[in-house]
Amino acid sequence: MRVVSLFSGIGAYERALKNVGIDVELVNYCEILKDKSRAYSILHNVSEEKNLWDVTKIDTQKLEDFDLLVYSPPCTTFSLAGKMQGLEDLRGTLFYNALEVIKAKMPKYCVMENVANLAGKRFAKDFEAMRDALEMLGYNNYWKCINAKDFIPQNRDRVYLVSIRKDIDDGCFLFPEGNDNRNWWDLVDLKDMRPLTNRQQRMVDYAMGINKEDSINLEGEIYFDNAVITLRQSGLRFQHNREYPTITAFYGKGGGNFTIIAKDGKVLGGITPRNCFKLMGFEFDDSEKLTEAGFSNSSQYIMAGDSVCVPVLEKIFEELLVDKK
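Residue numbers (our numbering): 907 to 1231.
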């Protein structure tokens, strides 16, 4: 399967394809950020010479033919965590640069992921326009909002768009239904924790009744068993679900934004990038390789938070491609 990857990050699509036994021939990837490009090169054992770098400057006439395009345009402009400017933000228009690649090469399949809010009421017309543009090029579109917690224990709601060229589409594609019931603490390495920041520790001490000086707002039921604790502007949020809260790039922005893990009545520490990679469906040794190559914790948090959950993609590719190799 000849593949071109746009907005590649650390290559979740490519990892998923390989995990389900698809023989991938990477034609090109496209990642504008240098640290992510180098990480991609390391994790997928490819030369950075395959990087197209800037999606707005791709010379489509020089692109080789390929079978599958995978792409996750920047989600910030559609995200509840962003300014939600949609197509008024330049990043929101990068889908149409990907569309130019699709128009020029007409691959058999295209698979896109983005924040679920893209399919919500506010951006419904933008999302419809994207699908209409693909339909006019000659593709049938299938889309669905999927929460990764049904495939891996992380609460991560995203929209997936699968486009199949009309001349090969048999109309049988169905999105997978997940039934994962594992707990997040079954996946993470509970011995691999990082120290808390002074601010995090002070707030945790307040929740435990040790610090009686501060006035801190505490959200959720306060106990320290199978708990994920998030630093908020005004205090702490306690969550006790089997699935981990959404891993975000904000973990890497400093100031104790990474979540805190408590188990069996004890605060174990903060989640590490290594455990974030695991909860995204990558392996511990992926993070270990990047650490050995000199990547900081902050950069790895951002890479994990910006990526796509590999197990969801695996099931989509099994339905879309495994019988069509």
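The hints are simulated quantities; they were obtained by calculation from the structure and are not laboratory data.
Nothing here was measured: the structure is a model prediction, and the numbers come from that model.
The beta-carbon is built from N, C-alpha and C at its ideal position, and this holds for glycine as well.
The reader is advised that the hints may include incorrect statements.
[As the list claims (entries may be wrong)] Have a look at the derived ranges for each label pair, beta carbon to beta carbon:
id, residue 1, residue 2, range
1, 1063, 1131, 24 to 34 Å
2, 1147, 1038, 30 to 40 Å
3, 1127, 968, 50 to 60 Å
4, 1073, 1127, 47 to 57 Å
5, 1194, 1115, 16 to 26 Å
6, 1038, 1200, 43 to 53 Å
7, 1139, 1199, 52 to 62 Å
8, 952, 1051, 23 to 33 Å
9, 1129, 1079, 24 to 34 Å
10, 1073, 1128, 31 to 41 Å
11, 926, 1076, 45 to 55 Å
So the hint says 45 to 55 Å: do the beta-carbon atoms of residue 926 and residue 1076 match that?
20 Å, violated
Holds or violated: the 52 to 62 Å window for the beta-carbon distance between residue 1139 and residue 1199?
35 Å, violated
Note whether the CB distance of residue 1038 and residue 1200 lies within 43 to 53 Å or breaks it.
45 Å, holds
Supplied distance hint 23 to 33 Å, evaluated on CB atoms of residue 952 and residue 1051
32 Å, holds
Indicate whether the distance between the beta carbons of residue 1127 and residue 968 respects the range 50 to 60 Å.
58 Å, holds
Range hint 24 to 34 Å (beta carbons of residue 1063 and residue 1131) holds or violated
26 Å, holds
The hint says 31 to 41 Å between residue 1073 and residue 1128; measuring C-beta to C-beta, is that right?
The hinted range 31 to 41 Å is violated for residue 1073 and residue 1128, with Cβ atoms some 59 Å apart.
Cβ separation of residue 1129 and residue 1079, checked against the hinted range 24 to 34 Å
44 Å, violated
So the hint says 30 to 40 Å: do the beta-carbon atoms of residue 1147 and residue 1038 match that?
37 Å, holds
Using the C-beta atoms of residue 1194 and residue 1115, is the stated range 16 to 26 Å upheld?
38 Å, violated
Return holds or violated for the Cβ distance of residue 1073 and residue 1127 against the range 47 to 57 Å.
At roughly 55 Å between Cβ atoms, residue 1127 and residue 1073 fall inside 47 to 57 Å, so the hint holds.
Violated hints, listed in ascending order, are 5, 7, 9, 10, 11; each of the other numbered hints is respected by the structure.
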